[in-house]
Amino acid sequence: MPKRGKRYLKALEIVQQAGGGPFTLEEAAELVKKTALAKFNESVDMDVRLGVDPRHADQMVRGTVALPHGTGKQVRVLVLADEGRWKEAEAAGADYVGLDQYIEQIQNGWLEFDVVIATPQVMSKIGRLGRILGPRGLMPNPKSGTVTEDVAEAVRQVKAGRIDFRVDKTGNLHVSIGKASFSSQQIRENAEAFLREVLRLRPPSVKGTYVRSITLSTTMGPAVPVDRSVVHTLR
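Just so we're aligned, residue 1 is where the sequence shown starts under full-length UniProt numbering, counting upward by one.
Hints should not be assumed to be uniformly reliable.
[Unchecked claim] BS3-like, lysine-lysine: derived pairs with alpha carbons at most 30 Å apart:
hint: 1; residue 1: K143; residue 2: K73
hint: 2; residue 1: K39; residue 2: K73
hint: 3; residue 1: K73; residue 2: K207
hint: 4; residue 1: K125; residue 2: K143
hint: 5; residue 1: K73; residue 2: K10
hint: 6; residue 1: K87; residue 2: K143
hint: 7; residue 1: K169; residue 2: K3
hint: 8; residue 1: K10; residue 2: K34
hint: 9; residue 1: K169; residue 2: K207
hint: 10; residue 1: K39; residue 2: K10
hint: 11; residue 1: K159; residue 2: K87
hint: 12; residue 1: K73; residue 2: K87
hint: 13; residue 1: K207; residue 2: K34
hint: 14; residue 1: K125; residue 2: K87
hint: 15; residue 1: K34; residue 2: K3
hint: 16; residue 1: K39; residue 2: K6
hint: 17; residue 1: K207; residue 2: K143
hint: 18; residue 1: K207; residue 2: K159
hint: 19; residue 1: K6; residue 2: K34
hint: 20; residue 1: K143; residue 2: K169
hint: 21; residue 1: K125; residue 2: K169
hint: 22; residue 1: K159; residue 2: K143
hint: 23; residue 1: K3; residue 2: K39
hint: 24; residue 1: K73; residue 2: K6
Worth flagging that the hints you see were computed from the coordinates, not collected in a lab.
Work out the full structure, taking the sequences as your base and the hints as a guide.
Structure representation (structure tokens):
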């Protein structure tokens, strides 16, 4: 076990004094704010363990959701498109817009962006970046809405708080749903929006328990267990 710092141990004590959980989503949202003891505005993360086997294509859970209160983060958006689409992407708020020059920069190690949006017409050029962008979850994909003809709308949605998520090889989802500076109500409502989309995407082939566990945590804090029965109230 790694040695824990004083702030972490104090935050863990807060969770234990509250009963250790599992908590209602409302209680967890209030509690996770109390465990944010770092000197910076920590992210609030949600982890959901699913009863899926991602090795089977029909049990892959992947999607996007627009969080009602955003993530609290400044998202840097790169749009890769032909020159005729540059102005609309820039007008929508894209941070970087272009094509060949950015493909070359990425191949040379440049990764100063959080989301890549592309038009279908340029995907043949972008394919060579798969080895670089793929492992980082940055490769544009139609299923996540990042390969689209309407680049302006895609940029606006990402900037407004749309997040992409994908189950990992162990069956877990990990997303940032806000900041510790958010109100507990904002955290709860963002969490509910994310969970609703996860429930909507339940693969038909999954039998038994779909959502096995839910936790909230801050960047530097301990996990706050959420009672998974919350999913029955969100259907």
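Checked hints:
| no. | hint | in the structure |
| --- | --- | --- |
| 1 | K143 to K73 | 23 Å, holds |
| 2 | K39 to K73 | 17 Å, holds |
| 3 | K73 to K207 | 36 Å, violated |
| 4 | K125 to K143 | 19 Å, holds |
| 5 | K73 to K10 | 26 Å, holds |
| 6 | K87 to K143 | 25 Å, holds |
| 7 | K169 to K3 | 28 Å, holds |
| 8 | K10 to K34 | 10 Å, holds |
| 9 | K169 to K207 | 18 Å, holds |
| 10 | K39 to K10 | 14 Å, holds |
| 11 | K159 to K87 | 17 Å, holds |
| 12 | K73 to K87 | 24 Å, holds |
| 13 | K207 to K34 | 37 Å, violated |
| 14 | K125 to K87 | 20 Å, holds |
| 15 | K34 to K3 | 22 Å, holds |
| 16 | K39 to K6 | 13 Å, holds |
| 17 | K207 to K143 | 24 Å, holds |
| 18 | K207 to K159 | 36 Å, violated |
| 19 | K6 to K34 | 15 Å, holds |
| 20 | K143 to K169 | 18 Å, holds |
| 21 | K125 to K169 | 28 Å, holds |
| 22 | K159 to K143 | 18 Å, holds |
| 23 | K3 to K39 | 20 Å, holds |
| 24 | K73 to K6 | 27 Å, holds |
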